[in-house]
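From first to last, the protein sequence lines are chains A and B. Residue numbers for the first sequence follow this note's numbering, so the first one is 7 and each next one is one higher. Residue numbers for the second sequence follow this note's numbering, so the first one is 9 and each next one is one higher.
Think of the hints as simulated: they come from the structure by calculation, not from any bench. Treat the hints with care, as some may be off.
Taking lysine to any residue pairs in the SDA-like style, the calculated list, with each CA pair at most 20 Å apart, reads [stated by the list, open to error]:
no.	chain 1	residue 1	chain 2	residue 2
1	B	K146	A	G197
2	B	K94	A	G323
3	B	K150	A	V71
4	B	K146	A	G323
5	B	K146	A	V71
6	B	K150	A	G323
7	B	K146	A	G193
8	B	K94	A	S325
9	B	K146	A	V194
10	B	K146	A	S325
11	B	K150	A	V194
12	B	K146	A	S234
13	B	K146	A	L181
14	B	K150	B	S169
What follows is the residue order along each chain.
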Amino acid sequence: MLDVANTGTSPAPAGGAGGTARTSRLGGNALVFRLLRQRETGIIAVGIVLFVVFSLLSNGTFDSVQNWGGITSAAAELGIVTIGVALLMISGEFDLSVGANFSFSALVMAIMVQDHYPPGAALVVCLAIGAGIGLVNGVVTVVLDIPSFITTLGTFFLWTGVTLIVTGGETVTILPPTPTLLNVLGGVLSGQVRSELLWWLGLALAVGVVLQRTVTGNWFFAVGGKRSAAVEAGVPVARTRVLAFVACGVLAAFAGAVQLGHLGSMSASFGTTYQLEAIAASVVGGCALMGGRGSMLGAVVGTLILAMLDSGLILSGVSPYWYEAVVGVILVAAVAMHTRVGRLVRGGD
Amino acid sequence: MQVVRPVRYRGDGDERGPRRRRGKWAARLAALAVTAAAAGGYLASASAASASPRAGGPLTFYFVSHGCPTDPFWPPVWNGAADAGKRLGVRVDILHITSSECGSTAAEVNLLETAIAAHPAGIATTVTDPTAFSSALKTAAKDGIPVVVFNSAPTASGQPSATNPFLAYIGQQNYSAGQGLAQEAVREFGLSKGAAVVVVDHEPTNISLTQRLEGVRAAFRAVGIKPTVVNTSDDISQGASIVSAYLQSHKKLAAVLTLGTTGTDEVVQGMNTAGAHLKIGAMDLDSTTLSYIERGIVAYTVDQQPYLQGYFSIVELYLDATEGAAPVSIATGPVFLTSQNVKTLAKYVNHTGF
């Protein structure tokens with residue numbers, strides 16, 4: 007049902023007729039075939055295989071609840087950024103400034119909390135900064151007609167620089183007692199499991215519902231697919247693209263706020279890894295680099311795979327030097343799989 | 009990775025017949041079957057799995073650090089831990105963040121949480137932030153896993169607290185190292201009140217360097233010197249160009265101090281670019297800094313003996329696990345290395361890889 011935008015012209019809610027026809031042509035076992043036809047099935051299977059392999063190799067430590075508390079909190083912070091990046095990739099755009107946005111927005115929040123402003127107000131300012139950064143990215147990209155890769159590479163440097171100017175590079179720490187809001191954002195729920203996990207999954211579900219069930223959601227696919235067709239179909243292309251940038255900016259800032267809740271401190275260097283990891287997670291989860299395809303389920307699974315690699319390799323007794331090499335292999339293998347499966351499902355286009 | 013199998017149909021690109029369709033479903037069904045079989049195997053073995061990691065094997069210790077794999081400071085630390093493990097006949101798993109995660113505190117906290125989940129006989133870790141490691145350290149304490157901190161402690165004093173519980177700190181007191189760096193500069197370069205001194209900070213977000221800087225400021229304050237801090241980055245060529253630009257606009261500097269090996273490289277390269285000649289006092293030691301001292305480019309460096317930090321951490325954890333000995337804090341520095349004593353220290357330096 008994610009292919010609706012590729013057919014080009016229908017801004018109607020997803021769930022298209024093509025799928026029904028194919029299922030009936032294949033006869034019975036509709037559920038099994040529908041499962042196999044889902045873009046995410048392959049990558050979920052990869053995730054399950056990795057989980058099983060790590061669990062076997064780690065002698066029962068990898069699949070412990072305690073370890074998954076750690077994995078899910080790392081995944082949640084990357085995952086919230088990835089939701090926005092995936093949404094943007096579906097719309098055919100990139101955001102390389104999410105890491106800088108993450109650090110800058112959360113640093114302003116941390117400084118405000120440290121200076122005894124109400125934490126709620128600090129969070130609102132943080133999200134507003136994120137939205138503002140996204141808006142600038144979107145407007146510059148759309149109005150000046152610059153590739154978003156370049157726009158956001160520029161704003162990545164810009165906001166990294168501004169962050170260093172504001173903080174002098176120092177880490178901002180919020181010493182205990184921790185304000186309640188920070189615990190709500192990233193505090194411990196039980197054992198090592200943190201509230202971040204709920205924020206991540208809740209946001210992914212919400213954005214997923216918007217993408218799959220609303221007209222606006224369909225616009226994101228449409229502008230990322232055949233843009234000329236989207237224009238003909240009356241999709242407000244410019245507005246949709248800017249909206250995607252703003253959403254991505256807000257989500258990056260929120261991820262920063264969540265990590266501030268988790269760690270109690272923030273610095274200019276904390277977000278630096280996210281821009282590339284979020285793109286990697288989106289791509290592993292099935293987002294097409296050129297837009298028009300992808301899903302929130304894929305973004306969640308892609309993030310989870312990256313997040314469990316680190317811990318899985320360590321607990322299996324493998325040197326962490328392998329982590330980046332394995333990420334590289336999985337990234338390329340996943341894209342190869344998505345491309346192949348995509349072609350097979352659509353009958354070789 | 010069996011699920012990638014559909015790739016095998018590469019050659020069938022133009023075929024549109026039923027064989028092709030049957031093939032693709034068969035491939036994916038096979039992939040699912042493999043997954044299901046693996047899952048079944050896992051479930052069967054999970055019940056048999058032991059509750060403790062690597063039961064019956066040697067004692068296992070985790071050694072967690074924020075060291076970038078590309079930073080030459082760290083291999084001696086890791087060598088020290090590995091050597092101790094070899095001599096004691098225990099397993100030491102050395103965990104460090106990846107090169108793309110340099111500077112990410114969250115990444116190191118994640119490693120520490122993974123190490124705790126493995127319930128090893130002991131953990132040595134750096135703590136680079138006053139609050140970020142708190143929850144993980146408390147969990148380790150609650151689970152009865154002995155933790156010693158090396159290299160970077162959450163406070164300048166190196167003392168544990170209710171927020172950051174651990175057993176001992178093995179490393180340099182950064183504040184006193186900073187004081188030593190400044191006092192040696194006053195002695196060595198004959199600095200007096202009002203002298204123009206620059207301190208290059210290549211990792212402004214690192215709490216250890218901030219503590220060193222505080223020590224430098226305090227020692228200089230006592231003699232009436234107010235140093236200027238120039239912030240650079242871990243990127244040596246970028247840092248060198250910042251230093252070079254600064255030197256070209258500030259020609260009359262009495263001395264330049266650095267807070268680590270990366271900063272030292274930046275200052276020496278920046279100085280060469282600017283064509284300046286400066287009195288340099290450095291901190292930490294790697295092969296480049298050593299050669300700078302031998303060649304008289306750098307007057308002295310404050311060494312924290314990183315090899316000992318790795319080695320003693322494992323020894324202390326081992327004695328705690330086997331003999332019940334309580335780990336104690338050890339100051340591995342500051343040790344001053346100058347052109348006078350560089351030859352006598354050369355043997356240790358060569359053996360340890362610093």
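Taking the hints in turn, this is what the structure says about them:
1. A threshold of 20 Å between alpha carbons decides the hint, and for K146/B with G197/A the separation of about 11 Å falls inside it, so the pair holds.
2. Restraint check: the Cα-Cα separation between K94/B and G323/A comes to about 16 Å, which is no more than 20 Å; the hinted pair holds.
3. Of the pairs offered as hints, the one joining K150/B and V71/A holds, with about 16 Å between alpha carbons and a cut-off of 20 Å not exceeded.
4. Our distance criterion of 20 Å between C-alpha atoms is broken by K146/B and G323/A, whose separation comes to about 25 Å.
5. Distance check on the hinted pair: K146/B and V71/A sit about 17 Å apart at the alpha-carbon level, within 20 Å; holds.
6. In summary, the hint linking K150/B to G323/A is not supported, as the alpha carbons are separated by about 24 Å, beyond the 20 Å threshold.
7. Using a Cα cut-off of 20 Å, the hinted pair K146/B and G193/A holds, with the two alpha carbons roughly 14 Å apart.
8. About 17 Å separates the Cα atoms of K94/B and S325/A, which keeps this hinted pair within 20 Å; it holds.
9. For the given pair, K146/B sits about 12 Å from V194/A by alpha-carbon distance, which is consistent with the 20 Å threshold.
10. Taking the CA atoms of K146/B and S325/A, the gap is about 26 Å. The hint is violated against a cut of 20 Å.
11. A hinted pair counts as satisfied when its Cα atoms are at most 20 Å apart, and K150/B with V194/A qualifies at roughly 15 Å.
12. In summary, the hint linking K146/B to S234/A is not supported, as the alpha carbons are separated by about 57 Å, beyond the 20 Å threshold.
13. For the hint pairing K146/B with L181/A, the CA-to-CA distance comes to about 16 Å; that is within 20 Å, so the pair holds.
14. This hinted pair checks out: K150/B and S169/B have alpha carbons roughly 14 Å apart, not beyond 20 Å.
Hints 4, 6, 10, 12, counting from the list given before, are not met by this structure.
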